[in-house]
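Could you put together the complete structure from these sequences and hints?
Heads up: the sequence lines are chains A and B, in that order.
Those letters in the first sequence? Residues 0 to 183, by numbering that gives the first Met the number 0.
Those letters in the second sequence? Residues 0 to 295, by numbering that gives the first Met the number 0.
Careful: at least some of the hints might be erroneous.
What the hints assert, rightly or not - Distance ranges between label pairs, derived from CB positions:
#1 B:Asn156 <-> A:Gln2: 44 to 52 Å
#2 B:Pro54 <-> A:Glu121: 15 to 23 Å
#3 A:Gln2 <-> B:Gln269: 37 to 45 Å
#4 B:Leu82 <-> A:Ala143: 44 to 52 Å
#5 A:Leu94 <-> B:Val8: 22 to 30 Å
#6 A:Ile135 <-> B:Gly64: 28 to 36 Å
#7 B:Asn107 <-> A:Met127: 50 to 58 Å
#8 A:Leu105 <-> B:Lys96: 36 to 44 Å
#9 A:Ala143 <-> B:Gly237: 48 to 56 Å
Derived from the structure by calculation, the hints contain no laboratory data.
Keep in mind the model is a prediction, meaning the values are calculated, not measured.
Each residue gets a CB set at the ideal place from its N, CA and C atoms; glycine is no exception.
So the chains spell out like this:
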Amino acid sequence: MDQLKVTIALILAVLLQWTLRNVAEPFAYIDFPLIIVVYAALQRDAVKAILFGAFSGLAIDALSGGLLGANGFSKTLIAFVVSELARRVYLDNLLLRIPVIAGACLLDDLLYFGLHRVLGQEPSGHVMLTVSYSLIGTTIAGTAVYLMLDYFMTERTGGGTSRRRETLSARRQSRRRNPIRLGK
Amino acid sequence: MVERSQQEVWRLTPWLAIVLCVANFVLMAFDARADGGQRVIRVWAQTAADFVQSPVTTVTSSVSGYFGSIANLRGAQGENEVLKQRVQELEVELKAKEDLATENQRLNALLNLPEKTKYKVLNARIIGRDPSIWFDSSIVNRGSLDGVKLNMPVVTNGGLLGRVTAVGPLTSQVDLVTRDKSGVGAVVGEIAGSNALGVVMGSSKRELIEMKYVPGSAEVQVGQVVYTTGQDGIYPAGLKVGEIVEVESGSATTPHRIMIRPSAGIGSMQEVGILLYEPAVKEEFEKQLVKPAKAK
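Right, here's the structure in full:
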């Protein structure tokens with residue numbers, strides 16, 4: 000069921016990315032598909048995250064003036080890096096996810112810009128300014144989206160109090176769900 | 000169905016990432032080729048996206064139009080008076096222009112001059128903007144079924160906006176003049192009375208475009224208007240590109256560096272016009288050029 004929910008979230012993210020810039024220009028600074036790709040990678044489902052990255056990237060590239068495949072390349076790579084990171088380091092806490100989405104956004108922007116430069120296509124606008132706005136927008140939106148997704152993904156069997164206890168008790172969670180220990 | 004262990008999946012993951020990255024890189028390299036064609040995947044994705052973008056644009060524009068019309072009511076009376084006066088002035092101007100047009104037609108007939116190329120303007124609405132912040136292309140709700148073809152110029156009531164770079168059955172993609180690869184042949188001032196010819200393309204400042212290769216000896220001033228020359232084989236001559244806002248003077252050996260503010264109002268456009276214009280085919284001229292090898 001969770002798989003389906005994340006897939007629906009990704010489709011919604013692509014649709015939002017396609018339409019929101021026409022509603023208001025600042026929405027362009029939020030990379031919705033990247034937020035969902037990183038979320039999927041943080042769930043330690045690497046295959047799903049990589050496929051999400053490739054397909055959502057291509058869907059964005061198809062409507063963009065940039066090179067076809069540039070977003071697909073950068074998002075695939077980021078999905079792989081984040082899923083490898085999530086496999087080795089405990090990242091289930093929301094506070095720990097904020098630097099991850101920020102770093103992923105920065106890497107995505109730099110990769111996208113770099114690939115276009117390498118292939119002789121100069122993107123428009125000031126690089127530092129664009130990257131900074133994108134970093135701020137995607138990190139803030141990503142944090143809000145993760146809160147929402149966590150809310151929808153959590154099984155509501157024990158009521159709100161138990162869910163809050165699960166989210167906040169990082170030490171207990173790490174002992175119980177540490178993937179490295181499970182891997183052994 | 001074979002269940003894979005978590006460790007097997009983790010072992011396969013790098014290979015999947017490598018394969019997808021290589022596939023995307025090949026696609027990028029293929030797309031970067033400057034053959035001027037369009038990609039099938041892009042065309043069909045745009046057609047699919049149209050079913051989402053069109054309703055969203057309709058809803059948002061009607062909502063913003065409703066609130067906008069309420070706000071506009073306040074100044075409507077004063078504006079009405081100004082417009083009435085303007086209509087009277089324009090009627091006089093129109094009469095003078097009609098007389099000139101009739102005279103022009105009569106003289107052309109006397110001299111047996113061929114009629115100039117005419118083109119129709121197809122109205123279109125912008126239904127989508129580039130989902131990536133790095134580029135400024137737009138999607139319009141007119142496609143090949145409406146007669147749109149690749150490289151047709153797109154204008155607003157202010158001036159030149161860009162050209163069509165991908166055409167689907169229902170939608171088209173428009174690359175704006177702010178793109179660094181736009182390359183519009185342009186002239187400062189009237190084409191007949193100026194030697195300040197150059198090429199207009201995007202700049203590092205998002206809201207400005209740059210005119211390159213204008214000889215340093217040419218006289219150029221801030222405030223002058225830049226028009227298309229029609230020599231690039233894409234845009235017709237005489238379209239307004241923008242107004243010069245900054246000039247870094249060149250010398251006898253170095254060209255001027257000219258910054259232009261586009262007159263098309265790129266940030267706020269909603270309605271555009273696609274010029275159903277196809278430049279004159281140079282086939283006849285090319286036939287006359289006999290290649291040396293064939294000549295033998």
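| Hint by hint, which ones does this structure get wrong, listed from lowest number up? | Hints 2 and 8 are the ones this structure does not satisfy, whereas the remaining hints hold.
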